[in-house]
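Protein chains in written order, with the working numbering: chain A, 1 to 801; chain B, 802 to 873.
Please keep in mind that the hints were generated in silico from the structure rather than gathered at the bench. Because the structure is a prediction, the values reported are computed rather than measured. Warning: the hint list may mix true and false statements.
Computed spacing ranges between beta-carbons, pair by pair [as the list claims (entries may be wrong)]:
#	chain 1	residue 1	chain 2	residue 2	range
1	B	A832	A	K417	58 to 66 Å
2	A	D223	B	T871	22 to 30 Å
3	B	G864	A	K417	38 to 46 Å
4	B	G864	A	N494	29 to 37 Å
5	B	G864	A	R414	32 to 40 Å
6	B	T871	A	Y214	40 to 48 Å
7	B	A832	A	T219	28 to 36 Å
8	B	G864	A	K605	52 to 60 Å
9	B	A832	A	R56	32 to 40 Å
10	A	H541	B	R861	53 to 61 Å
11	A	K257	B	K868	37 to 45 Å
12	A	S649	B	G855	16 to 24 Å
For every residue, glycine included, the Cβ atom is placed at its ideal position computed from N, Cα and C.
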Amino acid sequence: VKILRLRKIDITGFRGARFPLSLDLTKSCRSMAIYGDNAHGKSTITDAVEWFLTGRVDHLWREDCKEHALRNVGIRDTDDAVVAIEFGEPSFSGSKRIKGDLTVQSSETGDLREYLKDALAERHILRNADLTTFINKSKGEKRGVIAKIIGFQDVVEFRNVILSTRNALQRDPQYLTAKQMYTQATARLLEVAGGIVGKREQLYETANELLKPYKLTRTISDDESYEACVAELNDKIMAQERFEKKLKLDALKTACKDLTTAITSARESQDRFLSTYAKLVENKGKIAQLNLEDFLRKGQDILTLGFMEENRCPLCGNVIDIEQLKTEIEERIDELVRNREEYEAIRTEKDQFLVDLNDITRKADKVRGACAGLKVATDFISTVSAFEVNETQVAASISAKFSTYDSIEMNQERQQKTEALLRLLDDVTSKADTESRALELKDEEARIVDVTRKLGILSDTFDQYETNATIKGAYEEQIESLNAISNDFVGVQNRALQDALDMMSSDISRFHAALHPQEGVDGVRLRIVGEEGVEFEYSFHGKKTYPPIKYLSESQLNSLGIALFLASVRLFNRQSNFFVLDDVVTSFDAGHRRRLLRLLKEEFKEWQIIVLTHEQFWFDIIKRELSPEGWLMNEVDWDRENGVQIKQSVKDLKDLIGRKRKEGFDVANDVRTLLERVLKEMCCALGVKVAFLYNDWNERRMPGELLGALRSTINQKCEPLKGHSIFSKLDGSNIVGTTGSHDNPIDIADADIDVALQDIDELEKLFRCEECGGFVEKERLVTADSRIMCKCGRKAVAWKK
Amino acid sequence: VLVPTRVHITEDIIVQKHIRSGEEVVKDFIASLDKNTVIDKQTLIAIRDLHAAGKLTRTRLLGLLEKIRTRR
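Using the sequences and the hints given, assemble the complete structure.
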C-alpha cells in the first residue's frame, strides 16, 4: 500500500491559467488553503487535479466541451495545455498535455499508470455544486451509485452468469427430451409392472415374480441371468417358430402404436406452437426490440448515476425533463419484460415441438426395426423411412426459421403424408394383430408369450428409464446447484452491501455529529431500503426517520454531503492520501465552518488537504486555525491578460515580465503591478501612513497614492534621501505603466519599459538588502544611530525617530 | 508541524477500514460454497476454476458443465 501525496502542481495553458501557475506544496507535501475571489479561476486547480487523475472533468464532460474547454482560450494553437503533478513518491510523477488538435499526450510511467487506474475508484474532489447531489437522489439511484463506488459490477456479472447458465440448461433440448422420455418410461413401467420400478434390483424382482409360476432352474440377478431366464422360459414352448413370429408381430403392434401416439403428440405441440408463433412473427419488431432491454437498463443506470449534465439527454445532449425520461424508460422496460415473457413462452412451445419431432424419429426407427423378419409391405417401411427423414428436416427447418423469426407453414403434402402414414400404421397394427391371433398357441404357451413380451418391454423400458434418468439427473444436479448458488448469493450480496454501508455510516454519523452537535440529529446511517434501494436513515429528536430532506436544514444537508465525502475518502482511497475541498462551505453559517475546521484538524490530520475558498473571512479563520498545524496559505489573482496566477512575489512578477517580453507580449500592466507590489511592501516596512480605507479598498490603492505617501515619509524621516530624484522618475514610470495597462491607443515602447524597470530596481536598492532580500523596517530602529535596519542587519538607512 | 510524505498505516487499520469490493465478495462467496452440501462438487469446481482464471462466462461454464455430464 502506497500512500501518495501531492508535492507540486504545475499548470500551463489549462482552463484559466494562461501562463505557468505553480503550486509548491513543499517536499513535506503539506496541506494548503487557497483564497481567490469569485470568478478568479481557483477551480482551475481543482479541474487540473481532476483531469490529471481521471482523464475528465465531470462538470465539463458534455458535448462540444471536454478537452476543448480545458485549453486556455488565450494560448496559441501551437502551445500545449499542460498539467504536471509531482507526488511525494517521485516514480508516480508525470504530466499530461492537450495539443492544439485536442489530442491528449501523457508521460505516464508504469507506477503512475497503475495508480491512475486505481484512482478512478477513489474520492479526491468535493465541489460545492456536488455537495447534496447524492443526498437528493432517489433510493434506487443511491443504491446504484454506492454499488458503482464499491465496485459491485463483479457481483452483478457473477449473478448474471449463474442465472443465465441455469436458464440455458433448463431450455437445453437434450434435457427436455430426457425429461419427456423419462416420464414416458416411468408411466410404461408402472403400467407393465403394476408398481414403481426405479432400481435395477426392483426390475429383477418384478421379472422373477412374473417367472415364478414357471419354476425355472435359476432366478434373475443381473442382465446375463435376465436373458438366460427369458431363453429358458421360451424353451418351454413346443412350437418355437410360431412362437417367435407371434412375439415379433406383438412387438410390431407395440412399435406402431407408439409411433401413432408420438405423431399425435407432435401434432398437438405443433398446433400450440404455430398458433402463438404466427402472432410473434406478425410483430417481428417486438422481438428485435427485446435487445433494447439491456440498452435501456444501461441508460437507466447512466441516469441513476448522473453521468450527464442535469436535464440533458445522455444520447443527444438536448434539454429534456429527466424525470419524465426516467418514467418513460421504466414503462418501456416493463413493456419489454412482458414481451420477453411472451417470447420465452413461445420458445418453450417450440422446444417441446422439437422434442416431439425427435421422439417421432426414434419411434419410426423402432417400427422399421420391428419389421425385420416379418412379411411387411416394403412400401410401408419406405413410407416410414421417408417420414422419418422428412420430420428430421422439419425439425432443422423450424430451428433455423425460429432463429430469424421467419414464418413457418406446414404444407399440405406433409399433412397428407402424415394422414397416409397414420392410416398405414393402423392397417399394419390391425393386420399384425389378426396374424398374431391366428397363430394359435396352447393356453400355457400363450401365457408364456405374454410373460416374455412383458419381460421384453420391462427390460427395454427400464433401459430407457435408466438412461434418461441419468441424463435428467445430471442436468438437474447442475440446475439445482446453480439455483442454490444464486439464492445464497442474493443474501451475501445484500450483506456485503450493508457491511459497506455500515462501514461508511459509522464515519458519516460521527462526522455529522461533530458538525452539528446537540441539534437533535443523531445516528445517521445508510441502509438498504426495500429490494433495490439505499437511503440515509437518522434519528430526529429521538424518532427514526428518512429521507434527509424531510426534516434537515440546508446546513445539515450540506454537512451530510461533506460527511459522506469524508467517509468515502477514508474508505475508498487506497493510494491517495489527499483530497480537495473546493468552496464547500459557502452555504454554511460561521459556527459550522469552524466545526468543519476542527473536524479536519482532528480526524484528518494525517491527510493532505487542499481547501479553496472565495470568502476572505473564512480564509482568515483558516489561516489562524491551520497555519500552526503546518498548512500553507496562498492566494490566487486573475486578470484578463495573465489569467489565473498564484499571488506573486516581486521576484515572481519580474520573472513573468521577463518571460512575457521574450515571447513578445505587452507587459505595461505587469510593470504597473510590479511597482504597486514594491511600493506596498516598502510602505508596509517603513510604516508609511495613508488615509484609512475599509478591507479590500485598502488593498486596491493605486501606485500614485502610495508613491506620494512614501515620498512624504522619506522627506520627513530620511534626510539623506530627501528630494531624491528617484521619486520624480517613478512618477514618469507610473504613467508608462498606467497608460499601457488601459485600453489605450498609445503604444508603449520597449525602451520605456526598460526605463521603468530600471527605476523600480533603483528604488528597491535604496531600501532592500542584497543579502537577506528584505526591506529595512521601521520596527528595526536603532535609536542610538538613528537608523533602521533589515532583518539580517547588513542594510541600514538613516531614519529619524 | 510538518507531516510526513508517506503515512505509515498498520495492517490492522487497513483491514478494519477496508470495504470489500465486488470482486472480493464473489471470491469469498465461491470459497464459502464448499460447505454447501446441496451444490454439486464438479459444478462448483467448474465455476471456481473459470472465476480464478477470470473467464467466468455463460458460454464457457455451459461448455464445462456439458463435459462433466458427458463424463458421467
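**Report entry** Cβ distance range 38 to 46 Å for G864/B and K417/A, holds or violated
**Finding:** Holds, since G864/B and K417/A (Cβ atoms, about 39 Å apart) stay within the stated range.
Report task. State, for the Cβ atoms of H541/A and R861/B, whether the hinted interval 53 to 61 Å holds or is violated. Result -> For R861/B against H541/A, whose Cβ atoms are near 56 Å apart, the range 53 to 61 Å holds.
Query - Beta-carbon spacing of G864/B to K605/A - inside the hinted bounds 52 to 60 Å or not - result: Roughly 55 Å apart at Cβ, these two residues keep to the hinted range, so it holds.
Query raised in the report: In this structure, is the beta-carbon distance linking D223/A and T871/B contained in 22 to 30 Å?
Result: About 24 Å separates the Cβ atoms of D223/A and T871/B, which means 22 to 30 Å holds.
Query raised in the report: Do the beta carbons of K257/A and K868/B sit within 37 to 45 Å of each other?
Result: Cβ of K257/A to Cβ of K868/B: about 38 Å, so the range 37 to 45 Å holds.
**Report entry** Range agreement (Cβ of R56/A with Cβ of A832/B, hint 32 to 40 Å)
**Finding:** holds (36 Å)
Query raised in the report: Is the hinted range of 29 to 37 Å satisfied by the C-beta distance from G864/B to N494/A?
Result: holds (31 Å)
Query raised in the report: Is the distance from the Cβ of A832/B to the Cβ of T219/A consistent with 28 to 36 Å?
Result: The hint (28 to 36 Å, Cβ to Cβ) is violated, given that A832/B and T219/A are roughly 52 Å apart.
**Report entry** Satisfaction of the hinted span 58 to 66 Å by the C-beta atoms belonging to A832/B and K417/A
**Finding:** Between A832/B and K417/A, where Cβ atoms are some 59 Å apart, the hint holds.
Requested in this report: Could you tell me whether the CB distance from T871/B to Y214/A stays inside 40 to 48 Å?
Outcome: With a Cβ separation near 42 Å, T871/B and Y214/A satisfy 40 to 48 Å, so the hint holds.
Report task. Could you check the hint for me, namely that S649/A and G855/B are 16 to 24 Å apart, CB to CB? Result -> violated (54 Å)
Report task. Determine whether the Cβ-Cβ distance between G864/B and R414/A falls within the hinted range of 32 to 40 Å. Result -> holds (36 Å)
Hints 7, 12 from the earlier list are contradicted by this structure; the remaining hints agree with it.
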